[in-house]
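Can you build the whole structure from these sequences, using the hints too?
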Amino acid sequence: MSETSAKPVLLTMRGIRIDGRSEDTWSPIIKGVDLTLRKGEVIGLIGESGAGKSTLGLAAMGFTRDGCRISGGTIDFDGIDLMKAPEAERRALRGKRIAYVAQSAAASFNPAHRLIDQYCEAPVQHGVMSREKAEADAVELYRRMRLPNPEEIGFRYPHQVSGGQLQRAMTAMAMSCRPDLIIFDEPTTALDVTTQIEVLAAIRDIVAQFDTAAIYITHDLAVVAQMADRIKVLLRGDEVEEADTRTMLRAPKEDYTKSLWAVRSYARPVQPPVTTGVPVVSVQNVTAGYGAADVLKNIGFDIHARRTVAVVGESGSGKSTAARVITGLLPPRQGRILFDGQPLPADYRQRSRDQLRQAQMIYQMADTALNPKLRLRELIGRPAEMYLGLKGKALTERIRDLLRLIELEPDRFIDRLPSELSGGQKQRIGIARALAAEPRFIICDEVTSALDQLVAEGILKLLDRIQSEFNLAYMFITHDLATVKAIADEVVVMQNGRVVEQGPKEEMFQPPHDPYTELLLSSVPEMDPDWLTRLLAERAAKREGQG
Amino acid sequence: MRDIWGMIGRRLLLGLLTLFVISVVIFGATELLPGDLARELLGQSATEETLAALRDQLGLNDPAPLRYWHWLTGAIQGDFGVSMATKKPIADLVGARLGNTLFLALYAAALSVPLSLALGVMAALWRNSVFDRASNALALTSISFPEFFVAYILVLWLAQSGLFPSMVRITPATTFGDRLYMAFLPALTLTLVVTAHMMRMTRAAIINLLASPYIEMARLKGMSPLRVVLRHAVPNALAPIINVVALNLAYLITGVVVVEVVFVYPGLGQLMVDAVTNRDIAVVQAIALIFAAAYVLLNLIADVLSTVTNPRLMHRR
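If you read the sequences in order, they're chains A and B. Going by our numbering, the first sequence opens with residue -14, and the numbers climb by one from there. Going by our numbering, the second sequence opens with residue 96, and the numbers climb by one from there.
Source of the hints: derived by calculation from the structure; they are not laboratory data. The beta-carbon is built from N, C-alpha and C at its ideal position, and this holds for glycine as well. Careful, some of the hints might be misleading.
To be verified - Chain A is faced by these chain B residues, among others (derived, beta-carbon under 10 angstroms):
1) E311
2) A313
3) L333
4) H410
Written out as structure tokens, the structure is:
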């Protein structure tokens, strides 16, 4: 924004080229990108996965991951040529003057050490301050990051702290040497929307307080709109365009940027409400759990043919456990599951093959849900063979039909391995595998949350089309309310194992809401760059009104 | 912490149960051996009457479960009976030898454990370098030769020239320094045999972790490669390392038979070989039980250490 343009330049990257090694050849990941950052300025890097955002962000530290190399360009950080500087000099900058906040704090904190030991490591090793001073400083920063019990939380191990708190502790750790530049690599992507708000607000405040420059990497446009002064759009290692945040949101120049903006407007037509008929699946008064604790507490909802019921809630609310009960993986303590009005055996081992066939699942991580050693022919063919007894030519024909259905050319794909597919294509195979059993009910467990928005939209449209073609009932587990808006007919909101609200989608998105639904809805970031500021002010005003 | 004591208690009970099962197996196996102990003792010329009298005296006519019971209750009290060959109490015979075997095992462990851990860490630090390949090749070479071959090579190189003795004579009067000097070649042989296993496991366990996000984080905090490995990778690699060290320590106690024979080292392994040759069944049983106990105990210690070094298990949510 205008006040930062007068500040001195901190980081200049010119014509950056980065190659990645696959097998024995080097292929370009970043193809000549420029980036200039002034002191105290925040630039947002956005793009789909594979655009090279993280690679470019790490290059700003003079760092490349194993199997990558910087093959061209110059990086100047405050007068230091990071390309020519010896490794020891670059190492002296990392953690001290340039810090990094990773996507998954849970994976990026060392499980063997307490948080405060990891906080103190950089300041003590870089000789910035003594251990005692660093510990006192940690408590101060934990307080500024609005962590609960700032005096005590540092003495916990990472596994004893929640994801949102870890992410704030990691931001505090990045701040420990008061760096000039912080790289935020998707710091809130792994968090629930309600947690995300707190982390975003804390990051924004602390960056402003210490006048730290930042590179904020994300694929979420609404998030970057809240955080960045300027936005740079990347596509497959190339810069698409760059402008200040408001200009970029109001008037994107390039078609690709416009297409990114347009995704959020997808919604399927409103279906007439169901009034009669036996639901395909009916969950009745189910209580279930692991060990001594109940994860589900007396929940119930119906799913009709040709209807999509979205089950939403934060992680730990019991969404996936509900799916496990329906599929019979976790027999409930109380309650029952009806299929077409007939009770299903609680344990999947007691269900008939036909009952098993009727309910299929599509998983979040298509990567891990597909056997990497099997070709698509076998992956899709197995359920068709097992449930429908297809063999030989009929089986091959069925596999080809299914591939055509998910818009993959049979001749090209039938003998491929999962590793030869993109993320979106893998998820399509997951769909085809579920369809191969000719089910009447499909559970979609966060099927789009690992995908980029454009790819996710394609999957949602495909699911929509298949539903009307085969009269399917969907249970759609998600924490993303944008997806709910796009695909759901009915919504079930879950919190701490209970259903707090349920009903048709149109009602759900109209006030009045249950307070928890209200919190969920209001926490979804909007494209308006003032959204976060406004929301925080509203919530503060509300708290004062109550207090 | 209370969890830990509970776990140790449970594991100890389980270990005792394992030992009990092993004792049954040992006793059963020696029962199956052919031959008549009375005839073995008295020779071919003995008459049927004297044989019967001796069997009666040794209790060989009692049913097997009863004899097992007598053996077990005796063993628990440290009384393994009397050696048939030497007529001495087995406890005395085994006691001195056990001390010698433990001395040799500890000696070899003191050489091999630090060596293999250091080599493993260095190989992980400079992975795919010349050092990594050379240490790997050397370790694999030494583990690939049979123990007696390694032992004789060492004798050829280090004993022929008179640097170290090729035979070990230990009496109660031998000083500690002399013991170290005399047992050097057997200890070195054992070190060469066990180092490869521990070193390669250490290297693999560390390299396995180097792709973790928290290792990248440590590097991005500007930490030196050595610190990244020692402070960030090793603590998370301890469980597999501890287990492979425990297995090798157990091997050092129980697997030294060949090395002891080559160097005429007065340890348990040699005693066992002698006892088998003499059909001194009671001694064989006693030593087998001691070996089993060593395995069980070391594995127990490894399990406890793996738990104690894992904060996820020590500090619950």
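Results of checking the hints against the structure:
Annotation: interface hint on B:E311 holds; nearest CB of chain A at approximately 7 angstroms, less than 10 angstroms. Because the smallest distance between the Cβ of B:A313 and any Cβ of chain A comes to about 7 angstroms, under 10 angstroms, the interface hint for this residue holds. Below 10 angstroms, beta-carbon pairs count as interface contacts, and B:L333 has one with chain A at about 8 angstroms; its hint therefore holds. Annotation: B:H410 was flagged as interfacial toward chain A, and the flag holds, the nearest CB pair being 5 angstroms apart, inside 10 angstroms.
Of the hints listed earlier, there is not a single one the structure fails to meet.
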